Amino acid sequence: MIFEFANPKRFMQLSGALLPWFAGATIILLGVGLYLGLFVAPPDYQQGDTVRIMFIHVPAAWVAMMAYGLMAVASLFSLVWRHPLADVAAKTAAPLGALFTALALVTGSLWGKPMWGTYWQWDGRLTSFLILLFLYLGYIALWNAIEDEVRAGRAAAILALVGVVNLPIIKFSVDWWTTLHQGESIFRPDGPTISAVFLWPLFLMAFGYTALFMTLWMIRIRTEILERRARTLMLGH
Amino acid sequence: MNSFRALLFRDMRLATRAGGSAMLALAFFAAVAALVPLGVGSDLKLLGRIAGGVLWVAAILAALLSLDRIFQADYEDGSLDLIALSPLSLEASAAAKIAAHWFTTGLPLTLLSPVLGLLFNLPEQGYVALIASLALGTPAASAIGAIGAGLTLAVRRGGVILPLIVLPLLAPAVIFGAGAVLSALDGLANGALWLVAAFSLAAVLLAPFAAAAAVRLNLAS
Amino acid sequence: MGAFLHMGGYGAYIWPAYGASVLGIGAAIFLTLSAYRRAKARLAALEKPRA
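If you're matching them up, the sequences are chains U, V and Y in order.
Letter by letter, the first sequence follows residues 1 to 237 of my numbering.
Letter by letter, the second sequence follows residues 1001 to 1221 of my numbering.
Letter by letter, the third sequence follows residues 2001 to 2051 of my numbering.
These are computed hints drawn from the structure, not numbers from a lab.
A quick note: this is a predicted structure, and the numbers were derived from the prediction, not measured.
You may find that some hints are simply not true.
Computed footprint of chain V on chain U, listed as stretches where at least three residues anywhere in the stretch have a Cβ under 8 angstroms from a Cβ of chain V [said to hold, decoys possible]:
1) 141-148
2) 156-165
Here are some chain V residues the structure puts well away from chain U; computed CB gaps all over 12 angstroms [claimed, not checked]:
3) Leu1047
4) Leu1085
5) Ala1092
6) Leu1118
7) Ala1132
8) Val1160
C-beta atoms are modelled at their ideal positions from N, C-alpha and C, and glycine is treated no differently.
So here's chain U without its partners, still in its complex pose:
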């Protein structure tokens, strides 16, 4: 089924049809989610109003990880099955993934400050995401460093796959490391069970962020397809 979209023309048609729906879903989900999160949800009895940061931190973190997973899957398709659009899919996902990683770090830091007293805390979550950000940056740098588009795609694919294998190990090592240094109580922002009044905005925002990612990703792939067409035309002239 995936290979039906191997044809760029097919992809343009399909994405053109899907885009309005994804964009619309994004707006609705984010809109309702923000409304519930900012106006309807009460302050948490432990964290007060800072719980509202959770509604933009957790979704960003979720998309950051999802994007890397998608990048890895696309890389696999590129290397193993030589799917023509896989390179493009991986390449375009990376900057978006890096953005959401950065947002997760910023919002996580701001969430932590009132709770931990410092803007940065080397806890498992933030540390893992910092490393993830570097993984993204290295990947993007590799794409930019190699001139030949096809070679760059293959090299980046190898890097993404090495990275995705390493990611669980990195997460494990960071978690292991935080237990080593446990002295002060580490505040876990999404710790104990969350009640429904918080879950609703959280899920809506999470789906909204996902829809946003998908929308932007599709547009970026379309852009790349158009740019490649332009390049071949220019060679023809």
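Fit chains V and Y to the known structure of chain U by using the hints.
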């Protein structure tokens, strides 16, 4: 087996010439280790505490220094094409080069580390952990570094993005390795050395495949 | 309104967090759309029959 050994010894010989990467790595290692107290202050208690981490980071960086030459030199003079065409599989050649790199950087660094530990006033309990963790962990640096070197082969100034690619992937090694020293200092038995060994083993076993794929990719064009 | 901005004393953290998110996402949307439009325009110019 013969060609594996031949490649291994050849690379080792090249690295240990005057001006080769072996001396460079040791000198860099010592320089970084000497610089840190200048930056951090001479509080011996503090230095003893951070010795494991500092020496681990310095060792990784020193090993990285010579990594971009692991394939580059042979690529530039055409030897890499010959290596690729030889009866020895490219994966095995990559493994031989990784081993050669470790013998000429990771191993010397490990051997020098207790001396630098003295400079840091590392408490007695830390030395075995320091040497063991570096001995077990530096192969991972050579292995994963080789993947990065293969990927950045034909890149202009590839040496600049090599650390960016490789260092995040080596985070577990640093965490477990330095953690082993810290655990020894605190008297904890948490299997850190086992974790270092496991990570290195996995890296050394899998990296030749990724490195060979990367080299093949860059030779094909 | 004042209480809303104040957010129980945590406003100084909540609003920059939301602000950064809006900024980041806004920039992403802007850059994505403008790159798309540029590519579309360029392709259209190239596909026009040469005068």
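Status of each hint after checking the structure:
no., hint, result
1, 141-148, "holds (count 5)"
2, 156-165, "holds (count 6)"
3, Leu1047, "holds (18 angstroms)"
4, Leu1085, "holds (20 angstroms)"
5, Ala1092, "holds (19 angstroms)"
6, Leu1118, "holds (25 angstroms)"
7, Ala1132, "holds (17 angstroms)"
8, Val1160, "violated (8 angstroms)"
Against the hints set out earlier in the document, a violation occurs for number 8 only.
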